[in-house]
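Chain residues, written in single-letter form:
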Amino acid sequence: MSEFILSDSDRQQLVELFLVEAEEVLGQFEALLLQLEKTPERHELLHEIFRAAHTLKGNASCLQFTELTGFAHVVEGTLDRLRNREIEPTPARISRLLDSVDVLRNLATRSIAGQCALTESEQSLLAALSMEEPSAEEPAAAPAAPAQEADGAAKPVLRSLRVDMDKLDRMLDLNGEITIARGRVHDLLAAGQPPEKVIDAVREVDRLSLNLQELVMSARLVPVGPSLRHFHRVVRDLASVSRKRVNLMIEGNEVEVDATVIEHLKDPITQMIRNAVDHGIETPDERVARGKPPAGTVRISASHDSGAVVIRISDDGRGLSETDIGRQARSRGIDTDRLSRQEVLGLIFQPGFSTAKRVTEISGRGVGMDVVLANVQSLRGTVNVSSQPGAGTTITMRLPLTVALIEGFAVAVGEEIYIIPVDAIVECIEMPRSGAREARGVLHLRGTPVPFVRLRDLFDLRSPLPARENAVIVQHEQRLAGIVVDELLGGRQTVMKPIGRMLRRAIGVAGSSILGNGRVALILDPQEIVRRAADRVPSTSAA
Amino acid sequence: MKDNMNTNEAPHSVNQFLSFFLAGDEYAVNIVQVREIIECPALTRVPGMPRWIRGALNLRGAVVPVVDLALEFGLAETAITRRTCVIIVELVTTAESSLIGVMADAVHQVMELTAADIRPAPAFGPRVRSECIEGMADSNGKFVVLLNIDQVLAESDLFTAPETAHPEDALEAITVA
Numbered sequence: 001m002s003e004f005i006l007s008d009s010d011r012q013q014l015v016e017l018f019l020v021e022a023e024e025v026l027g028q029f030e031a032l033l034l035q036l037e038k039t040p041e042r043h044e045l046l047h048e049i050f051r052a053a054h055t056l057k058g059n060a061s062c063l064q065f066t067e068l069t070g071f072a073h074v075v076e077g078t079l080d081r082l083r084n085r086e087i088e089p090t091p092a093r094i095s096r097l098l099d100s101v102d103v104l105r106n107l108a109t110r111s112i113a114g115q116c117a118l119t120e121s122e123q124s125l126l127a128a129l130s131m132e133e134p135s136a137e138e139p140a141a142a143p144a145a146p147a148q149e150a151d152g153a154a155k156p157v158l159r160s161l162r163v164d165m166d167k168l169d170r171m172l173d174l175n176g177e178i179t180i181a182r183g184r185v186h187d188l189l190a191a192g193q194p195p196e197k198v199i200d201a202v203r204e205v206d207r208l209s210l211n212l213q214e215l216v217m218s219a220r221l222v223p224v225g226p227s228l229r230h231f232h233r234v235v236r237d238l239a240s241v242s243r244k245r246v247n248l249m250i251e252g253n254e255v256e257v258d259a260t261v262i263e264h265l266k267d268p269i270t271q272m273i274r275n276a277v278d279h280g281i282e283t284p285d286e287r288v289a290r291g292k293p294p295a296g297t298v299r300i301s302a303s304h305d306s307g308a309v310v311i312r313i314s315d316d317g318r319g320l321s322e323t324d325i326g327r328q329a330r331s332r333g334i335d336t337d338r339l340s341r342q343e344v345l346g347l348i349f350q351p352g353f354s355t356a357k358r359v360t361e362i363s364g365r366g367v368g369m370d371v372v373l374a375n376v377q378s379l380r381g382t383v384n385v386s387s388q389p390g391a392g393t394t395i396t397m398r399l400p401l402t403v404a405l406i407e408g409f410a411v412a413v414g415e416e417i418y419i420i421p422v423d424a425i426v427e428c429i430e431m432p433r434s435g436a437r438e439a440r441g442v443l444h445l446r447g448t449p450v451p452f453v454r455l456r457d458l459f460d461l462r463s464p465l466p467a468r469e470n471a472v473i474v475q476h477e478q479r480l481a482g483i484v485v486d487e488l489l490g491g492r493q494t495v496m497k498p499i500g501r502m503l504r505r506a507i508g509v510a511g512s513s514i515l516g517n518g519r520v521a522l523i524l525d526p527q528e529i530v531r532r533a534a535d536r537v538p539s540t541s542a543a
Numbered sequence: 001m002k003d004n005m006n007t008n009e010a011p012h013s014v015n016q017f018l019s020f021f022l023a024g025d026e027y028a029v030n031i032v033q034v035r036e037i038i039e040c041p042a043l044t045r046v047p048g049m050p051r052w053i054r055g056a057l058n059l060r061g062a063v064v065p066v067v068d069l070a071l072e073f074g075l076a077e078t079a080i081t082r083r084t085c086v087i088i089v090e091l092v093t094t095a096e097s098s099l100i101g102v103m104a105d106a107v108h109q110v111m112e113l114t115a116a117d118i119r120p121a122p123a124f125g126p127r128v129r130s131e132c133i134e135g136m137a138d139s140n141g142k143f144v145v146l147l148n149i150d151q152v153l154a155e156s157d158l159f160t161a162p163e164t165a166h167p168e169d170a171l172e173a174i175t176v177a
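Protein chains in written order, with the working numbering: chain W, 1 to 543; chain R, 1 to 177.
Just so you know, not all the hints are guaranteed correct.
Only part of the chain W face toward chain R is listed, based on derived beta-carbon distances under 7 Å [what the hints assert, rightly or not]:
{"hint": "1", "residue": "Ile178"}
{"hint": "2", "residue": "Ile180"}
{"hint": "3", "residue": "Arg229"}
{"hint": "4", "residue": "Phe231"}
{"hint": "5", "residue": "Val234"}
{"hint": "6", "residue": "Asp457"}
{"hint": "7", "residue": "Gln475"}
{"hint": "8", "residue": "Gly500"}
{"hint": "9", "residue": "Met502"}
{"hint": "10", "residue": "Ala506"}
{"hint": "11", "residue": "Gly518"}
{"hint": "12", "residue": "Val520"}
The hints are simulated quantities; they were obtained by calculation from the structure and are not laboratory data.
C-beta atoms are modelled at their ideal positions from N, C-alpha and C, and glycine is treated no differently.
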């Protein structure tokens with residue numbers, strides 16, 4: 001076998017590819033091991049696991065990562081004996097293999113930085129694996145060490161995304177078509193053709209550009225499934241440390257979210273899962289005593305709902321104790337008598353708040369839920385918690401599709417143009433021409449009273465009042481509300497961009513978009529607008 | 001008094017400043033921070049922001065906030081005319097680089113100044129708070145105020161992190177079902 005000499009840039013490219021693939025292969029490796037742990041009789045899983053380990057070994061040896069290759073080789077050896085039924089897939093062996101997935105993952109990142117020497121614990125794991133003989137006695141299954149991701153340097157964030165080749169090909173095709181169409185416009189102009197003819201050609205360019213834009217946006221969207229998969233492992237490890245039995249169910253794997261949103265959600269979800277397993281789910285004995293199945297369930301579900309992504313984390317554990325929260329709140333000088341039950345539960349999002357009676361390895365130090373809130377808020381999302389004592393806790397995160405293509409509906413107030421997400425809109429009606437022009441009021445919508453707010457007043461716009469006004473009726477928490485604007489301009493597809501750090505305190509704004517004339521248009525958040533409007537209404541003004 | 005100047009710089013090294021007129025006075029910013037100068041487009045108002053943030057503009061797809069320093073200095077709002085322009089300034093003190101537009105009645109000149117040309121700001125007198133002034137320079141017998149844009153904006157709450165949420169803020173963010 002001859003040795004290749006790689007140029008630096010070639011090597012760099014290979015290394016990047018290696019990292020992406022290693023993450024993928026190890027993810028698969030892990031998922032398969034977890035399946036095997038649950039269903040040891042499915043022998044065919046071992047063949048797949050073996051293939052995953054083998055792929056990793058091959059990739060690592062290409063880049064001459066000797067230690068990684070060596071480790072993978074030993075793991076492969078164990079897997080080989082397992083698949084040849086020389087040894088049994090006992091829980092202890094699977095645990096050890098899962099630990100080696102962590103080592104391999106860690107080693108893959110370290111190898112790139114040139115720090116490939118094995119640590120002591122890694123060496124002892126390696127020794128344990130390589131000593132394994134078909135007849136060796138099984139040591140008692142020690143609880144797996146908690147995931148060691150916290151220590152070591154921060155993981156480099158991979159700023160790359162895998163895109164379907166077909167999608168890229170279509171982008172390239174469209175790009176070619178745009179070039180041709182633009183050339184046509186130039187030719188027509190150079191030939192001094194009448195404007196009508198040129199306009200047709202320009203429209204063609206527009207149409208093609210829009211198609212391209214859609215395609216690019218869709219390439220940014222990725223299904224949440226693969227990112228949620230690794231929580232199976234998180235739950236397994238947490239459960240084993242706290243000696244509980246927990247099943248994780250994931251629903252809505254196929255829901256597509258912008259890649260950046262997923263990246264920001266990993267930490268909050270991990271935190272919530274830790275809370276659920278550590279505080280929510282009871283020990284098997286406790287559960288049986290309460291008439292519940294011994295194994296608890298943690299559920300992560302993802303879905304799309306009116307222009308937002310909803311991620312819900314629920315457990316069937318003991319639920320949040322309102323009294324405990326209230327007690328802690330009062331000790332910090334918060335007057336809980338004035339708060340509703342919902343608001344009391346909401347206090348868990350405050351920094352340093354914890355009602356855990358004991359501090360454990362995993363959670364209970366009061367760090368966590370405030371981080372969840374901060375993370376979600378940084379994505380302009382909201383968090384909602386609901387809990388039934390004895391029956392469990394559900395935390396719902398609503399997140400906008402931060403960078404995404406949305407169906408927008410453009411409206412105008414004076415000179416300003418705003419875009420309202422179509423899926424929030426129920427209908428649009430013309431405002432009755434009554435005398436008084438108050439900031440807020442009540443509309444009669446086929447016999448139903450609907451509160452409304454004039455955007456002009458809410459946003460303090462000083463443009464002259466138009467002769468006619470229109471109301472956009474939106475749904476807000478199962479109730480209708482009207483947002484009164486001057487003109488309805490109609491629907492359009494809108495590229496939604498975040499508004500940027502400096503303007504993020506803007507009220508009622510979900511994002512921004514660039515209009516055809518180059519101006520910035522704000523994309524409104526109807527929920528926030530209605531909430532803001534309601535906040536300012538004195539309680540006596542209900543008509 | 002000399003704290004506001006870069007005293008450690010060699011006296012012969014030349015710094016360039018872009019000067020502009022605002023409400024009759026001449027101000028200047030270090031040209032290192034100036035990204036470009038554009039004609040003032042129609043601005044999009046952003047609800048809920050202080051009045052001196054006149055709105056946002058589209059800079060090749062990026063949304064850039066535009067500030068009216070005249071309002072910040074306690075003067076009348078800058079009227080938008082054909083000569084009004086926006087100087088796109090890159091802020092340097094923020095963690096990530098951010099762009100901000102500064103409205104100007106007109107752009108005047110590029111001044112080449114050595115450290116010796118720059119006088120410290122007087123403790124009072126100019127409309128601008130002295131900590132926001134890098135120094136003063138002479139231009140045909142009139143003073144030009146050298147602005148520290150980062151400092152001007154630093155006292156606004158534009159950059160305060162959302163993590164410092166008050167309990168009431170936290171409650172507000174939680175939807176009450």
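Hints, one by one, checked against the model:
Evaluation of the Ile178 (chain W) hint against chain R yields a violated restraint, the C-beta minimum of about 17 Å exceeding 7 Å. The interface hint given for Ile180 (chain W) is broken, as the beta carbon of that residue sits about 24 Å from the closest beta carbon of chain R, more than 7 Å. Because the beta carbon of Arg229 (chain W) sits about 29 Å from the nearest beta carbon in chain R, more than 7 Å, this interface hint is broken. The beta carbon of Phe231 (chain W) is not positioned within 7 Å of any beta carbon in chain R (closest approach about 24 Å), and the interface hint is therefore violated.
Violation of the interface hint for Val234 (chain W) is found here, the shortest Cβ-Cβ separation to chain R being roughly 25 Å, above the 7 Å cut-off. Hint on Asp457 (chain W) is violated. Least Cβ distance to chain R is approximately 11 Å, over the 7 Å limit. Hint status for Gln475 (chain W): violated, given a least beta-carbon distance of 14 Å to chain R, over 7 Å. Look at Gly500 (chain W): its Cβ gets to within about 5 Å of chain R, closer than 7 Å, so that hint holds up.
A hinted interface residue such as Met502 (chain W) counts as satisfied when its beta carbon comes closer than 7 Å to some beta carbon of chain R; here the least separation is about 5 Å, so the hint holds. For Ala506 (chain W), the interface hint holds, the least distance from its beta-carbon to any beta-carbon of chain R being 5 Å, beneath 7 Å. For Gly518 (chain W), the interface hint holds, the least distance from its beta-carbon to any beta-carbon of chain R being 6 Å, beneath 7 Å. The criterion of a C-beta within 7 Å of any C-beta in chain R is met by Val520 (chain W), whose closest approach is roughly 4 Å, and the hint holds.
Hint violations for this structure: numbers 1, 2, 3, 4, 5, 6, 7, all remaining hints satisfied.
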